[in-house]
Amino acid sequence: MKTEDKNVPRVRIAVLGNINVGKSALTVRYLTRRFIGEYRSNTDLLYRQTISLDSGLLDVEIVDISVEGEADFPLEQIQWADACLIVYSITDKSSFDYASKSLAELKALQNAPFAYLIGNKADLDHLRAIQWADACLIVYSITDKSSFDYASKSLAELKALQNAPFAYLIGNKADLDHLRAVSESEGAKLAASYGIGFCEVSVAENSPALYKAFERILSESRARPVKQRKFSVSKMIGTLIGSSAPKPIQITQGTVVPCHKGDLHKSRVLKRRQAFAATISL
1 MKTEDKNVPR VRIAVLGNIN VGKSALTVRY LTRRFIGEYR SNTDLLYRQT ISLDSGLLDV
61 EIVDISVEGE ADFPLEQIQW ADACLIVYSI TDKSSFDYAS KSLAELKALQ NAPFAYLIGN
121 KADLDHLRAI QWADACLIVY SITDKSSFDY ASKSLAELKA LQNAPFAYLI GNKADLDHLR
181 AVSESEGAKL AASYGIGFCE VSVAENSPAL YKAFERILSE SRARPVKQRK FSVSKMIGTL
241 IGSSAPKPIQ ITQGTVVPCH KGDLHKSRVL KRRQAFAATI SL
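End of the sequence shown sits at 282 in my numbering; the numbers just go up one at a time, nothing left out.
It should be emphasised that the hints constitute simulated quantities derived from the structure, not laboratory data.
Wrong hints could be hidden among the right ones.
[Claimed, not checked] Derived DEER-like restraints, expressed as beta-carbon distance ranges:
1) Lys101 - Lys212: 42 to 52 angstroms
2) Asn7 - Ser193: 10 to 20 angstroms
3) Asp177 - Asp97: 43 to 53 angstroms
[Said to hold, decoys possible] Using 30 angstroms as the maximum straight-line C-alpha spacing, the simulated DSSO-like pairs for lysine-lysine come out as follows:
4) Lys189 - Lys212
5) Lys145 - Lys212
6) Lys145 - Lys189
7) Lys145 - Lys159
8) Lys153 - Lys189
9) Lys159 - Lys212
Don't be surprised by glycine CBs; every beta carbon is placed ideally from N, CA and C.
Produce the entire structure from the sequences given, and follow the hints as far as they go.
Written out as structure tokens, the structure reads:
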């Protein structure tokens, strides 16, 4: 819970990023150590928390900035903040472009807040290469149910991507039918549920179906509009908790409320900054 002690120092943080990059999940993970998988909001949210830092108390206010479409740069929220977290998803190139644009606009501000860039969804690192591809072969073994489950999970994650590549499902090791753990109908049903092609092949026996699958993928990919190559960031630029994490910060119970730009605009800190900027421009 936020303390009412006026002698406790306060830090205000704005969390900025494109839609679906996990801004809310990131904020809640830091404040509560819990993960929320699905979270959608069309309004800014203001989180208030009192933490113990360096043997003292600190009031923290974090505004989770909602972004819709081609929204203007949230100048008022940024001017309110002492620091700004710019968040993108490593699986979404457009979110990285948005982060890059936001950093450029932030740099152009007078008296800009401290900034930190975070690449989120590092647990989906296997999807980084998917962003590079025009097409994707999802392969499982008909003798291994776990590989089929992995293929199903991969298709679900692929479907959630923006500008996902063309996909094709392949069941391999058809020559080992006596060891089959996944029926052909299961594979066909899974592919049909995502509207993609499917076949079973035996790489060991040089299956003609394999060549047909590749030919279809090449034809489909060539017929699609040419897209820009995806980014290849080998490592995420920033994380809230690095490999050499410091001692955990003690956090007390806090609050979260819907936040409107007018609420921040009334802030004395914002008014002082605007007055300062006006003085500079004279």
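Do the hints match the structure? See the list:
no.: 1; hint: Lys101 - Lys212: 42 to 52 angstroms; result: 43 angstroms, holds
no.: 2; hint: Asn7 - Ser193: 10 to 20 angstroms; result: 60 angstroms, violated
no.: 3; hint: Asp177 - Asp97: 43 to 53 angstroms; result: 48 angstroms, holds
no.: 4; hint: Lys189 - Lys212; result: 20 angstroms, holds
no.: 5; hint: Lys145 - Lys212; result: 25 angstroms, holds
no.: 6; hint: Lys145 - Lys189; result: 15 angstroms, holds
no.: 7; hint: Lys145 - Lys159; result: 21 angstroms, holds
no.: 8; hint: Lys153 - Lys189; result: 14 angstroms, holds
no.: 9; hint: Lys159 - Lys212; result: 23 angstroms, holds
When the structure is compared with the earlier hints, a violation turns up for hint 2 alone.
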